[in-house]
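J.: Given chain A, work out where chains B and C should sit, using these hints.
Residue numbers (my numbering), protein chains in the order written: chain A, 1 to 345; chain B, 1 to 261; chain C, 1 to 292.
Calculated directly from the structure, the hints in this document are not laboratory data. None of these values were measured; they are calculated from a predicted model. For every residue, glycine included, the Cβ atom is placed at its ideal position computed from N, Cα and C. Wrong hints could be hidden among the right ones.
Ranges of calculated distance between the beta carbons of each label pair, as one might list FRET restraints [as the list claims (entries may be wrong)]:
| hint | chain 1 | residue 1 | chain 2 | residue 2 | range |
| --- | --- | --- | --- | --- | --- |
| 1 | A | Phe327 | C | Ala144 | 52 to 60 Å |
| 2 | C | Ala62 | A | Gly197 | 35 to 43 Å |
| 3 | A | Leu331 | B | Asn201 | 37 to 45 Å |
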Amino acid sequence: MSQSAQAAVELSPRFTFGRAAGLIFALACLVSVSFAVSARFGEQSISLSTALSDSASTDAAIFWSLRVPRALLALIVGAALGASGATLQGLLRNPLADPFVLGVSGGAALGATLAIAAGLGATWFFAFAGSVAATALALTGGRVQGRNSPYASLLTGVIFNAFAAAAITSVKALVMPEKLGEILYWLAGTLGYESAGALSLAAALQVVAIGVMWVYAGKLNLLMLGDDDAASLGVSVSAARLTILLAASLSVAGAVALSGLIGFVGLIVPHVLRLCLGPDQRLLIPCSALGGAAFLVFSDLLTRMLFTVFHAELPVGVVTGLLGGPFFLVLLHRRRLSAADLYWS
Amino acid sequence: MTNVLEVFGLAAGYRNLPVLREVSFGVAPGELWAILGPNGAGKSTLLRACLGLHPPQSGRIEVLGRPIADWTRRQLAQQLAWVPQGLQAGLGFTGLELVLMGRNPRLGVWGMPSRIDTARALSLMAELGVEQVAQRSIDALSGGERRLLLVARALAQEPQILLLDEPTAFLDLKHQVDVLGRVKARVNRGLAALAVVHDVNHAAAFADKVLLLKGGRVLAWGSPESVMTTEVLEQLYELPIGSAHTREGQAVFAPRFEKPR
Amino acid sequence: MTSSPFPRAAAALALAVSCSAIGSGSAPQAPTYLGPKPPTLVRRVVTLAPALTETVVALGGADRLVGVSRFDELPEVAQLPRVGGFIDPSVESVLALKPDLVLVQPSPANQQPVEKMAELGSPVLVVAMQSVAEILSGILAIGAALDLRERARSITTSIEQTRASIRAKASQQTPVRTLFIYGFDPLVVAGPGSFADELLKDAGAVNAAENASSPYQTYSVESAIRSRAEVVIFAAHDATSHERLSRLPGLKQARWVRLESKDLLHPGPGLAHGLEELFRLLHGGASRAGVQ
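Looking at chain A on its own, in the form it has when it is part of the complex (with noise of 0.2 Å):
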C-alpha cells in the first residue's frame, strides 16, 4: 500500500458516510426521546396506559388529539427551522442570517396583517403568500449588474423587513383597534393544535423542501466558497442558487405559516452544531433539522409545564430565546475561538 493511500485511511474529510450515518441517527434517537416525553407529559397529567387502552377516555382524548398533534407540529416546524437557518446561513454567508432574514418575516407579518384587517380567513394562506412574495423580492433585489450579490439580497430582504413593520404599523394605527390582539397574538408565534389535514400538508411540503436543500448541500459547499469558484468547480450557480433558496423560502413560509414567528431555532440550532460538526452542509443540514426539531419539541415541553406555574402558556419563541441564548454563550465561551471563527468576510 503506497504511503499516501496509507495515509488515506487515517485522513478523511468529515463527510463520510459513516459519520454521517452515526450523527443522524444519534439525533433521530434525541428527536424520538423528546417526542415520546413531549407527548407523555403536559400541563395536566394523564395517565399512558388509559390513553392506550381506553380510546373513550379523557386522557386518550388529551393524548391523541392535543399532544401527538402538537409534538408532531413542534417537530415539524423546528426541523424546517433548523434546516432552513443552516441553508441560508451557507448562502449568504453570514453566520447570523436566521430563517427570517431574506424579508420572510416581513412579508409573513404584512400578509397576515392584511388578511386580519380585511375580515379574510384562512390567515396561514396569505402568510405563506407574504412571505413567498417577500423572497422574491430579496432574490430580485439580490441581482446586482447581472450577477448575485448574497450580500445585497441580505440588505434587501432588512429594508423589506423595516418597510413591512412600517406598513404593519400604520395598518394598527388604521384599523379597528379590536383586531390588534388578533395580529398581536399571530406574530407572538405559537403552537397550536392543527388537524391531521393540515399536518399532513406540513409534513410533506418539509420532506420536499428540506430534501432538495439536502440533496443541494454539496453544491452549496462549492457556493459558499464564491460564484466563481463554485462555477469553475463545474456549479451552474444561478440555477443551483434559486433552487437552493426556493426550498429554503418554502420551507420557511410553510412553517411560519401555522406557527407564526417563532425565533432563535433557525439562529442557534445551526450555529451551535457548526461549531460541534464544522462547516459541511452535507452534514449540518440534516443535523440542524433534526435539531431543530428535538429543541422545538423540547421547548414547547417546557412552556406547556410552565403552565401550572403562570396559568398562562408563554409563546414557545419566549422559550427558545431563554433556552437557547444562555446555552449559545456558554458553548462559544468554551470553545478555543480561533480568529477565522471571529469574523466572515
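T.: Just chains B and C, lined up with the frame of chain A:
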C-alpha cells in the same frame, strides 16, 4: 499539436465599457503561457472569459475545439480548472476538504468522495508540498500554503487546461518559485496553462510563451526570448526598462529608476 | 379587595376590545352551543371569562364551578384551578376537568382552542356579553343551561326595572356631555355601540365621543379636547396620566370623576349597580329622591 484553448478576435467588456479588443491566440498542451501587462489592460477579464464567466461581445473562445458556450458547467470543469488569487476567509474547511472539492466535477450529486478520491487528493497535496496541512483549518494557514492548496484543488479536477490568476501575488520568494516551479513541472508532463503574471521576470524564467496585453489589445505574443526585449517592454509599461543576464543566462528586467538629485 | 385591580381592568379591556371584533355595530349575537349537547343536569361548569363567572355566581350556581380563567378574582372561586386566559385557554386543562358545560365569550383570538374543546367532547356555550341586550339574553341562556331559569329571570327583571327607574329620573335632569375613558396609555374612550355608551344614555348623559367610529376608540388628545366634555369619567388607576390630561385646556373645566365600582368596566350581571353609580356620579350634585 492542436491547441486546447483557442481565442479568436475576442472582444469582451461591460455594457458601456469595452475592455478587450481583437484578442487572438492559442494554447497548446505542454505550454505555459504568461499574460503580462499594466493594470487595467484586461488580463483578469481575459482569464474570466476563458473560464466562461464573461460572455464575449464578439469573437469566440474554443476549448478542445468546441465553443465555450456549448459546454455545460460540469463538462467544462472536467477540462478547465482555475486557481484564483484568494480564498474566502472564515469558512472553516480543512486543507483536505478544500482539495477534495476539486473532485466535484467528477463525482455524483452529493460529491461524496471515495477512498480513491481521497488518496488522489492527498498525493496531489504531497506533490505540491502541502500534505501536512490536510487536517488543519484553511483559515490558519499562510498565504503560500493556501495558494498551493488552490493549485492542488485545481489539479484534482484532472484538467487539461489550468488558468491561474496572479499565482505569485503576495507570496514570499520561496513560495513564488515553489508555485511556478510545480506548475511548470506539470506543464512539462502535458498540462496546458495560462497564467496572469505581474512579475516580468517570472514570465521570463518560467513561461514557454508570453502574451503582452496593453489597453485591451495584444501588443505582442511569442516566446520570451523573441518577444521580451527592453524596447517592447518599455512600450508595454511606458517606463524605461533596463535588462541584464544572470550568470546562468537568465534574462532579468528592471525599471530604470531616476535617482533624485 | 386588596390586590390592585389594574391588571384585571387591563385584561377586561383587552377582552372587551377583542370580543367586539365580532358584531361591532352589527346585530347582537345570540348565545350558541358548540359541540355535544350538555346533560340535562349540569354539575361541572368551566368559565373562561370573569363576567361569565359572575353570572354563574349571581345565579346561585357557584358550587357547580370547577374551573375559571386566571383573571378571576372573586373570593368564591379562589380555590378553583385556573385554565388559562382569554386568548390562550388551555384545552388540556379544560378537558381534564371533564366539564358538563364550558362558558366562553366569543373572540376571533380564542376561536381555535374553543373549537378544539368542542370537537373533543366538551359542551360549549358561546355567550356574547357586549351590549345590554346581549347581557340580558346571556343571563337567561346561562340560567336555562343550568336549570336556574327562575333566578335568571328575576335578575334580568330587576336589571330592567333599575334601568327604567334610572331613565325616568334622568329624563328630569339636563343631559350631561360625558366622556368615558377606559385607559390612558393609549387613550381609549367608549364610543357609540359600546356597553358604557348604552348606560350613559340610560343615565341621562350625552356621549361626548358620539362621533367615534368604534365602540372602543383610541382617541388623540386633540379629539378628547374637542369633545367638549362636561364630565370625564375614568376607570383607570394611573394617577399621573390623569393629571396630565386634566390640566389641558378644554378638559380643565370638566369635572373629573374616578369610577370606584368595576362593574362598568366589563359587562356582566352587576350592570345595575354600575348604572346606579353612574347616575349618581353624573347628577349627584343635584339631590334627588332615590339617588344615594
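J.: All hints, please: hold or fail.
T.: Hint check:
Look at phenylalanine 327 (chain A) against alanine 144 (chain C): about 55 Å separates their beta carbons, and that is inside 52 to 60 Å. Distance hint for alanine 62 (chain C) and glycine 197 (chain A): a CB-CB separation of about 42 Å, consistent with the stated range 35 to 43 Å. Between leucine 331 (chain A) and asparagine 201 (chain B) the CB atoms are about 51 Å apart, so this pair departs from the stated range of 37 to 45 Å.
Of the numbered hints given earlier, the model fails hint 3 alone.
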